[in-house]
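Using the sequences plus the hints, can you model the full thing?
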Amino acid sequence: MNTTSSKRISGQMNRQMSLTPRWTETLIMAFQSVAKVKGGLIGAIFISVMLLSAICAQWISPYDPNAQNIIQRFTGPGTAHLLGTDYLGRDILSRIIYGCRIAVLVAFGAVSLSSIIGVFLGVMAGYNEGKKFDYFIIWLFDIVRSFPQIILALAIVAVMGPSLVNVVVALAFTAFPFYGRIARAQTLSVKEADYVKAAEAMGQKPLTIILRHITPNIMAPVIVCLGMDMATMIIWESGLSFLGLGVRPPTASWGIMLRNGYKYIQVSPWMILWPAVAIALSMIAFSLFSEGLRVALDPKERER
Amino acid sequence: MLKYIIKRVLWVIPTLLGVLIILFSLTYLMPGDPASAMLGPRATPELVEELNNRLHLNENMPTRLGYYLLGVVKGDLGTSVWSGHSVSSLISSSLPHTALLAVSSLGVAAVIGVFLGAFGAIRQNSPISRFVTIVSLLGVAVPDFVAALLLVLLFCVKFPILPSIGAGTDGGILGIATHLILPATALGIGWVGYLSRLTRESMVDVLDSDYIRTAKAFALPQRSIAYVYALKNAIIPTITVIGLGVGKLLGGAVFVEIIFNRPGLGKMIVDAVYARDFPVVQGGILVATILFVLANLLADISYGFVNPQIQYD
Amino acid sequence: MNKENPLLEVSNLTLDYRLGKKRMRALDRVSFQLEKGEILGVAGESGCGKSTLGLSIIKLLPKIAEIKRGEILFEGRDLLNTSENDMNRKIRGQKISMIFQNPQNALNPVFTIGKQMTDILRAQSKYKNKKMRSSRFFRDQAIGRLKSTGIADPSARLSNYPYEFSGGMKQRVMIGMALSSGTSLLLADEATTALDVTIEAQINRLISDLAAQYGTSVLYVSHNLGVLAELADRIMIMYAGRIFEMGTTTDVFDSPSHPYSAALLESLPSRQARGKRLLSIPGIVPPLDNLPQGCSFHPRCKFAEDICKREVPPLEQVTDGHFSACFLDNKRGRKRLKWI
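Protein chains in written order, with the numbering used here: chain V, 338 to 641; chain E, 862 to 1174; chain U, 742 to 1081.
Keep in mind that the hints are not guaranteed to be accurate.
Chain U regions said to be covered by chain E (calculated; three or more residues, Cβ under 8 angstroms) [stated by the list, open to error]: (1) 836-843; (2) 863-877.
Subject to a maximum C-alpha distance of 27 angstroms in a straight line, what follows is the list of computed DSS-like cross-link-like pairs (lysine-lysine) [stated by the list, open to error]: (3) Lys856/U - Lys1077/E; (4) Lys800/U - Lys1093/E; (5) Lys1019/E - Lys600/V; (6) Lys1077/E - Lys809/U; (7) Lys869/U - Lys1077/E; (8) Lys872/U - Lys1077/E; (9) Lys831/U - Lys1077/E; (10) Lys800/U - Lys869/U; (11) Lys871/U - Lys1077/E; (12) Lys804/U - Lys1077/E; (13) Lys1077/E - Lys800/U; (14) Lys1093/E - Lys867/U; (15) Lys864/E - Lys856/U; (16) Lys856/U - Lys1093/E; (17) Lys836/U - Lys1077/E; (18) Lys1050/U - Lys809/U; (19) Lys1077/E - Lys777/U.
Hints in this document: simulated from the structure, not taken from any laboratory.
In this text the structure is predicted, and so the values were computed from the model without any measurement.
Ideal Cβ placement from N, Cα and C applies to all residues, glycine included.
Structure follows, in C-alpha cells:
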C-alpha cells in the first residue's frame, strides 16, 4: 500500500470514527427542534431580544443611563420616561436596557469560562480514571462544590474588589466543578466506546482522542446545562451587585437598581418593580429555552 | 451499608481541608497588605504587626492551617477584628436564626411541593397539575431575593400588614412567627415550584414503569400503588435535590436576612465582608460549608437507604 | 374439556391505538376460545398484536388504546363491561394473572421481595373478605409460593432486594405470585424471552408443571416457535393484528395452511438443510396505521392472487379444529406451500 492511499484510508476512518461532522449536524438539528418546541421558541426569541438590547444599547435606549435629572426624580411611568425615573432622575428604561448588557456579559462570560475550564478538567480526569490526577481533580471539584455558591463568590469579589471582571471570574470559579463532574461522568462511559478503542488501537495520541472523539460526544448534557446556568449567573450578578459586591456604580446593572430601589422602597415602587420584571422575564426565557434544548437533544424524546 | 457510610464520611475530611486551604488563599488575593485592609483606618504599624502575628499571616500555608486547626479543636475559631468577640460566639448566636429560617421554608416547601407534584402526576390533566406548572414557572422566574423584595413591597409598603425588620424575638412565639412568614415564603416559593415539578416528572416516569404495571396486574389498591410504591421511587431524585438545595438555601438566606434585617449567619458573613473582618468571614464561611457538606452527606446516606442499589456502585 | 363453555371466549375483538392523529389497528376482529387446562400459544412477529391481546384480557391497556368492537367472556363473565373495581377485587392476581417479558424491571427496586409478595397476598386476602390475618401468615404464604417455584432457602430470600436476584430467579418469583391454586388463566407475555437459553427451558418447564398441577389455562405469547412447539397444545399465528392460522400444535406445525405460517416455519434454521440459504420473508410488516387493502400479507406473499388484494380473507376451518385465513385452496398440504 503506498502512502497516499493509506493516508486517504486513515483519513476516511478518522472522519467516520470521530463523529465530529455528525456532532455539528446534531447541533443544527437541535436548534431546529428547539424552535419546534413551543416554549423553546418563545425563549429563543426573548433571548435574542436580550442579546440585541445588549449589543445595540446605545442606539435603542432613549436616554443616557447615567443622565441625572433631579427635578424629575421618582416619577412613575409616563410619556417622557416609559418606566419612570429613579432617585437621581435617571430614566429607568434606559438603565434596564444597559443592565441587559451587563447581564448578558456576565452570563456569557462566566458560563464560557466555567464550562471551558470545567469540561477540560473533567474530560482529562475521566480519561485518566483511577490515576492520581483523577483523584486530585475530583478532590478539587468536591472542595469547590462544598461551598454554598454565592457565599464563595461574594467572598472572592469582596477580597479582589468589586468590578465586572472580578464578578465574572468569581462566578466562573464557583461554577466550574459542576461542568467538570458532568464532563467526567460522561467521559467515563464514552471512553469505553468502540470508536475510542479503535482510535487507541491505531495509536492516536491521547490529546487527539480527547479533543476529537471524546469531547464532542459528551457535550449534550453540558449544552443543556449552559442554558440554565446563564440564567443563574444573571441572578448571581444581580445578587452580588445588590449587596454592593458586584459591578461598581454608577454602571447600570439590574442588581444595583434593586439595591437603590430597596433604599427608597417607601418612596417609589417602580425602582424595584422594573428590574424585578426584567430578571423574571430573562429567567423564564432561559428556562424555556434550555427546556426546549433538553427536549431537542434527548434522543428518546425526539421520537415523540 | 455501614461501609458505604464510613466511606462517605471519611471523604469529608480531605474535602474540608481543601476548603480551609481555599479560604486561607483568599488573603493572598487581597490587593495590598491583608492586615492593614482588615484594620482599615485604625491601622497603625504596631497594630498591623500584632495582627500579622496573631493570624500568622506571614507564615506559609501549612503553618497557618496547623494553628487554625489547633484552634478549631479547642473550639476557637478566631476573634473578630472589628468587635473583639470570639467568632464562635458570634456564630452560635446567629446560627439559630438561619436554621429556623431554613427549616421552616424548606420543610414547608418540601411537604407542599412533594404532595402537589405527586397529585399532579396522578391526575395529569386536572387544574392541580396546571397549578403546579404555573407555580414552578413562577418559582424559577423569581429568584429568592427578588421575591423577597417584591413581598416587602406588597405586604410591608403597599399593604402594611406584615413586619419587615428583624426576627421578632421579643414578641414571643407569635412575634417570631409573623416575622418568619415573609422571609420563609420568599425562600420557599422557588422550592415549592421546583420540587413539585420534579416530583411530578419523576412520578410520571415511575407510574409508567414495569414494576408499577406488575403492581396493577396483581390488583394492589390504587392508593397504595400511588402513595407507597410509586412515591418511594419517585422521591429519590427529590431527596438528592434537597441535599444540594441546602447550599442554595444558605445562599438565598444571605439575601433574605439582609433584606429583612434578620440576625442570621448570612448577614453576619456579609457584614463581616463589608468590615473586612477576615476571621469572622473565614469562620462563618467554614461553618456554612460544613453545614452544607453535612446536609449533602445526610442526603446521600438517606438516598442509600431509600435506593439500596446505590451502595454497590 | 367442555366445548360449550370454554374458559375464555374472545369474539371479534377490535382495538385501535391513538397516537396523535394516527390510528393503529392493533387487533382486528380477533376471535378464539381457550379451554380449561389448555396451553394456547400465540405466535407472530413484533407488533402483530399478541401482547395487546393479553393486556386487553386483563384490562391493563394504555390510555391511548380504544376498544372499538368485540367481546371477552371469561368464565361466562363479560370482562369488557366489568368495572375496574371488580377487576381488582375479583379477577386480577386471583383468577387471571399476567407475567411479563422483562423480569429485571418487573419488581420494584426499593422494596424487598418479601414486602412486595406479602402486600399482594394481603390485598388478595382482603378482596376475598377473609378475616384479618397476621403478617406471619402472609410471610409463610409467600415462603410457600417461593418454594413451589424451586427457589432455594425461601425464608432468607424474602428480605432480599430484587437486584440481588438473577433474571431467572426474578421470573420464578413472578410465577410464584401469578400461579396458585385459584388461578384459572395465566397470561404469559414473552415470559422467557429475556432469559438465557438454559434458564428459559427451566422456567418454561416450571410454568407447564405448575399449570398442570393447578389446572390453569395459559395464554403463552412468544415469537419463539421452538418454545411454543414444546409447550403449547394449540397455536394461534398472528400478523398485523389479525389471526392468520389457528389449530393444534401438530396440525399447524406439520401442515401449515397459511403461506405466512409456512414461511415462518420454513425460516427456522433447523428445518433447512445444512448449507442452504436461510429463508427470510421479503418485505416488512406493514405499519398498523396504513394496512394494505385486502389481506394484510399480500404484498409479501409468494402465492398472492387478485382476490387477496381486494378482500380480507375470513378465518375458515381447514380440518376439524384447524383454521386458516387465506383464499388459497385450504386443503393444501405442506409441500405446496414451500417458499424456497
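Going through the hints against the structure:
Coverage of the region 836-843 of chain U by chain E holds. Counting CB-CB distances below 8 angstroms, 4 residues qualify, and the rule asks for three or more. Residues of the region 863-877 of chain U with a Cβ under 8 angstroms from some Cβ of chain E number 3, which satisfies the need for three, so the listed coverage holds. For the proposed pair lysine 856/U and lysine 1077/E, the alpha carbon gap of about 16 angstroms is at most 27 angstroms, so the pair holds. Between the alpha carbons of lysine 800/U and lysine 1093/E the distance comes to roughly 26 angstroms, so the proposed pair stays at or under 27 angstroms and holds.
Between lysine 1019/E and lysine 600/V the alpha-carbon distance is near 16 angstroms, which keeps this suggested pair within the 27 angstroms criterion. Between lysine 1077/E and lysine 809/U, the direct Cα distance comes to roughly 23 angstroms. Compliance with the 27 angstroms bound is thereby established for this hinted pair. Proximity of lysine 869/U to lysine 1077/E is assessed by CA-CA distance (about 17 angstroms); at most 27 angstroms being required, the pair is judged to hold. With a C-alpha separation of about 23 angstroms, the suggested pair lysine 872/U and lysine 1077/E falls inside the 27 angstroms cut-off, and the hint holds.
Restraint check: the Cα-Cα separation between lysine 831/U and lysine 1077/E comes to about 13 angstroms, which is no more than 27 angstroms; the hinted pair holds. The suggested pairing of lysine 800/U with lysine 869/U holds, with an alpha-carbon distance near 20 angstroms, which does not exceed 27 angstroms. As the CA atoms of lysine 871/U and lysine 1077/E are separated by approximately 21 angstroms, the hinted pair is consistent with the 27 angstroms bound. A hinted pair counts as satisfied when its Cα atoms are at most 27 angstroms apart, and lysine 804/U with lysine 1077/E qualifies at roughly 14 angstroms.
For the hint pairing lysine 1077/E with lysine 800/U, the CA-to-CA distance comes to about 10 angstroms; that is within 27 angstroms, so the pair holds. A threshold of 27 angstroms between alpha carbons decides the hint, and for lysine 1093/E with lysine 867/U the separation of about 23 angstroms falls inside it, so the pair holds. Distance hint between lysine 864/E and lysine 856/U is fulfilled; the C-alpha atoms sit about 25 angstroms from each other, no more than 27 angstroms. Taking the CA atoms of lysine 856/U and lysine 1093/E, the gap is near 14 angstroms; set against the 27 angstroms cutoff, the hint holds.
Restraint check for lysine 836/U and lysine 1077/E: satisfied, since their Cα atoms lie roughly 14 angstroms apart, inside the 27 angstroms limit. About 25 angstroms separates the Cα atoms of lysine 1050/U and lysine 809/U, which keeps this hinted pair within 27 angstroms; it holds. Annotation: proposed proximity of lysine 1077/E to lysine 777/U holds, straight-line Cα distance about 25 angstroms (limit 27 angstroms).
Of the numbered hints stated above, none is contradicted by the structure.
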